[in-house]
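Engineer: All chains should be modelled from the sequences, with the hints used to inform the complete structure.
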Amino acid sequence: MDKYQQKAIRMMEWLMLIAAILLVIIGKLTGDTFFLRLATEALIFGGLALSVDLLLGIVGLLSLGQALYFGFGAYLSAVILRDWIPSFWVCILTVTFASALLGWITSYIALRSKGVYFALISFGLAQVFAKSIYNTRSLGASDGMVGVPIIQIPLPFVTLNLGDAVTFFVITFIFMGSIYFALKYFLYTPLGRIWAGVRSNESRLPYLGYNTAAPKRIAFILAAMVAGVSGALYPMLRGFVSPELMYFSVSGNAVITVVLGGVGTLIGPLFGSSLLMILKSVIGTLTLHHHIVIGLIFVVLVIFAPKGIVGMLSTKLKNRGVR
Amino acid sequence: MLESLQYIFAPQIINGLSIGVAVILMALGLTIIFGLLDVINMSHGEFYAAGAFLSVSLMSIGISFWWTLILVPVLLIPFGILMQELLIKKVFHHKDRHILTLLLTFGVATILEDLYKIIWGANTAKPATPITGASEVLGVMFPNYRLFLMVFGAALIFAVWLLIYKTAIGSIVRAATLDRDMSASLGIPVNKVYALTFAFGVALAALSGVLLAPIYSVFPTMGKDFILMAFAVVIVGGLGSIKGAVIAGILLTQLQSLSSLYISPVWSDPIVFAVMVLVLMFKPSGLYAGMKNG
Amino acid sequence: MSLPILQAKSLNKNFGGLRAVGQVTFDVDPLGVTSIIGPNGAGKTTLFNLLSGLYIPDEGQLLMNGEDITQLDPVARLSRGMARSFQITNLFFDLTVEQNLQLASQKLESWPKLFYATSKSPLTLQRAQELLEEFHLEAKKDESAGALSHGEQRRLEIAVTMALRPKILLLDEPTQGMSQGDTQETSQLIAQLAKNVTILLIEHDVELVMDLSKHVIVMAQGEKIAEGNPRDVRSNPIVQTAYFGDAA
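Chains as they are written, first to last, in this note's numbering: chain A, 1 to 323; chain B, 1001 to 1294; chain C, 2001 to 2248.
In short, the hints are calculated from the structure, not lab data. Misleading hints may appear alongside valid ones.
[Said to hold, decoys possible] Facing chain A, according to a computed beta carbon distance under 8 angstroms, are these residues of chain C, among others:
1) ARG2084
2) ILE2088
3) LEU2091
4) PHE2093
5) ASP2094
6) GLU2098
7) GLN2099
8) GLN2102
9) ALA2104
10) GLN2106
11) LYS2107
12) TYR2116
13) THR2124
[What the hints assert, rightly or not] Ranges of calculated distance between the beta carbons of each label pair, as one might list FRET restraints:
14) LEU1069(B) with LYS7(A): 32 to 42 angstroms
15) ASP1225(B) with GLY284(A): 31 to 41 angstroms
16) ASP143(A) with ASP1225(B): 18 to 28 angstroms
17) LEU1069(B) with THR136(A): 36 to 46 angstroms
18) TYR1262(B) with PHE97(A): 30 to 40 angstroms
[To be verified] Counterexamples of contact, computed for chain C against chain A with all Cβ distances above 10 angstroms:
19) ASN2012
20) LEU2018
21) GLY2060
22) GLN2071
23) ALA2117
24) THR2118
25) GLN2126
26) LYS2140
27) ASP2142
28) LYS2167
29) ALA2191
30) GLN2221
31) ASP2232
32) PRO2237
33) ILE2238
34) THR2241
For every residue, glycine included, the Cβ atom is placed at its ideal position computed from N, Cα and C.
Structural biologist: Written out as structure tokens, the structure is:
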């Protein structure tokens, strides 16, 4: 990662922060909740995008089925909050551990393959899971589960009400920000370098003394956790979950946002997810056929700017720097 | 025992086979595109759908089913060529080719699916069965159309295999895709070969769509639903292997049709995928190696 | 007489019906350069792959410092002090030179250090810096490995293998594709390294081999046909015929 890329990333981080602050201010002043809730949802799916980027951009594994963990987290969260105990902390902690466990188990299936096969196996896994949930009546079958209560977050000296759009947005922003910086930290550790090694030249790694299975598994489990915890926030925001959350379109969209933002940059996917959400709602008001427009944008992107927005930004910076 | 074989299993087996050949045809297109061109075509299902839609439209203006069998694949060849030339070629030389072509074709699939909704509406259509009636085979009655499917499909699969492995054209294609530069220096128009191969692959998908339309009906999301099965077959058989696609195609469709005897059909997809995942666990590259290694 | 650092006993490897390496037996004494030469297709690289753990021999035994390492994988062999380089440059091209060396050096630290920022891994940073200096790659440390010249890449390739201070270094055609100047430089580098490390070399450049080596093993068609010091091997008629008129 050269210094222009790093600079571009830093600029994007500031952009996101400023945009968030602006959004909060406008939200508080106008009392409008629509854009805040949209932004919150964008960030939640941004978490899923982070999970995809961890695997794709950092380790080099294209997963077409991260929605599995996202949906798992969402359903588990809904069940806990609605049917067991409406506690934020219990929910988050349980989902974190459960996602890690699920990630660990599925890693033994998924990581046996590489490259294209890994992509297709992750795709298949998500499909099996989604169809199984779809068929399960106790989980609401095709209708999903509704009636998830709005919850509070008890902290030492204040209780936050997630029913308030501003509060929820800020919480989600901090949440995703923490995940983002945690992942970013990992990138600069020896483990992160091993991941880069796997992405760059996996077959050489054993000659440097590393079995590649363990680092890959760690990344896989981390990605599952990130996706799962992001998913857990979904029913808190929308009050329901449905099998659509695990469909290929969700996984596919996540990949689109990663490419849109910039593969391997971590901030790119967060930004891309926000951008996609904005695009969808803007285009959605203009025409019913927003899929075509988004599809077109995506195709153009893949051909002309495969490094995404962060990539374009860093190229601009480089050109300016050279002059 | 023999009776249950006759009345319970045989119909399911034949049904499975008749669908199986269509699935195999579609999977063949996919596996040829991957095996020879090294491209994962996520839009393959949309060409299948296009075939079905086009055949319905053509039949509605009076063209007979049998003519659509020929016309539809031919009509789609230029689209296949266009897609290869305009889109796929642009990312082909990138080192991340696999991912980029996957994403690219995924984007195209998104566009096409919505496009079908615009052109043909969101409703389901079901063309009339081209061959009505049933015949008796080994003491059991089978719908004639399904019997036709089996025979026609099998012949077609055999023809494809012959074309690729036993004809001059086939060897040109295989040469061009195995060693691009060498072939070019031998005077082979490599770009044209690539474009035609891709077009051939998607034409097979379209043909499959025409054949299965009377059975499965035609609706905008049919591509997405069916591509999962096609991919499962291709993966289990081994990306790039024709033999693998045939065997896996038969295996998986039989699994699907026979399992519906015991388990509710909604579970048949998960079962097929579970089998796919299982196969990949023990044979990470599918049952058979591909036309290219690696 | 000190114990040979590496002992190969009747190594055999077949691929399908083809015998790539047959009944190869030799010892490698510590330090200095031992070279393996032979015409194309002699089985040199297959032998290297057997020695480094990429392949397991069908028959035969491999001992390192007296220990049987025949069945061990490359990771295990590395922990016993055996490293190898590759004929086709096999670096992490996306990463910078410095990152390549850090990645190669980080095994020097204990495993919990994997999860801490690199700044907490002084051994890694130090070793990477040493290697940069030793192999004259300091100026290019922030360049991506893919952007280096061929000669620089081959140097980096050797540097990466030296990172963990191996006892025996297997170099697979280190001067492959190099210019005269680069070859000279590399030759000096290898001679320098050979003072502290045992080096086993495959090379096509016969002059280089004769200059550097204290011991030469000649292979042809999967078998060892001669061995000895450079002078003797050079004048051995069997070797000369095997090369069909190569510069003798």
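Engineer: Does each hint hold? Answer for all of them.
Structural biologist: Right, here's what the structure says about each hint:
no. : hint                                          : in the structure
1   : ARG2084                                       : holds, 6 angstroms
2   : ILE2088                                       : violated, 11 angstroms
3   : LEU2091                                       : holds, 7 angstroms
4   : PHE2093                                       : holds, 6 angstroms
5   : ASP2094                                       : holds, 4 angstroms
6   : GLU2098                                       : violated, 11 angstroms
7   : GLN2099                                       : holds, 6 angstroms
8   : GLN2102                                       : holds, 6 angstroms
9   : ALA2104                                       : holds, 5 angstroms
10  : GLN2106                                       : holds, 4 angstroms
11  : LYS2107                                       : holds, 4 angstroms
12  : TYR2116                                       : holds, 6 angstroms
13  : THR2124                                       : holds, 7 angstroms
14  : LEU1069(B) with LYS7(A): 32 to 42 angstroms   : violated, 59 angstroms
15  : ASP1225(B) with GLY284(A): 31 to 41 angstroms : violated, 24 angstroms
16  : ASP143(A) with ASP1225(B): 18 to 28 angstroms : holds, 20 angstroms
17  : LEU1069(B) with THR136(A): 36 to 46 angstroms : holds, 41 angstroms
18  : TYR1262(B) with PHE97(A): 30 to 40 angstroms  : holds, 36 angstroms
19  : ASN2012                                       : holds, 24 angstroms
20  : LEU2018                                       : holds, 23 angstroms
21  : GLY2060                                       : holds, 22 angstroms
22  : GLN2071                                       : holds, 15 angstroms
23  : ALA2117                                       : violated, 6 angstroms
24  : THR2118                                       : violated, 6 angstroms
25  : GLN2126                                       : holds, 14 angstroms
26  : LYS2140                                       : holds, 14 angstroms
27  : ASP2142                                       : violated, 8 angstroms
28  : LYS2167                                       : holds, 14 angstroms
29  : ALA2191                                       : holds, 24 angstroms
30  : GLN2221                                       : holds, 28 angstroms
31  : ASP2232                                       : holds, 34 angstroms
32  : PRO2237                                       : holds, 38 angstroms
33  : ILE2238                                       : holds, 34 angstroms
34  : THR2241                                       : holds, 36 angstroms
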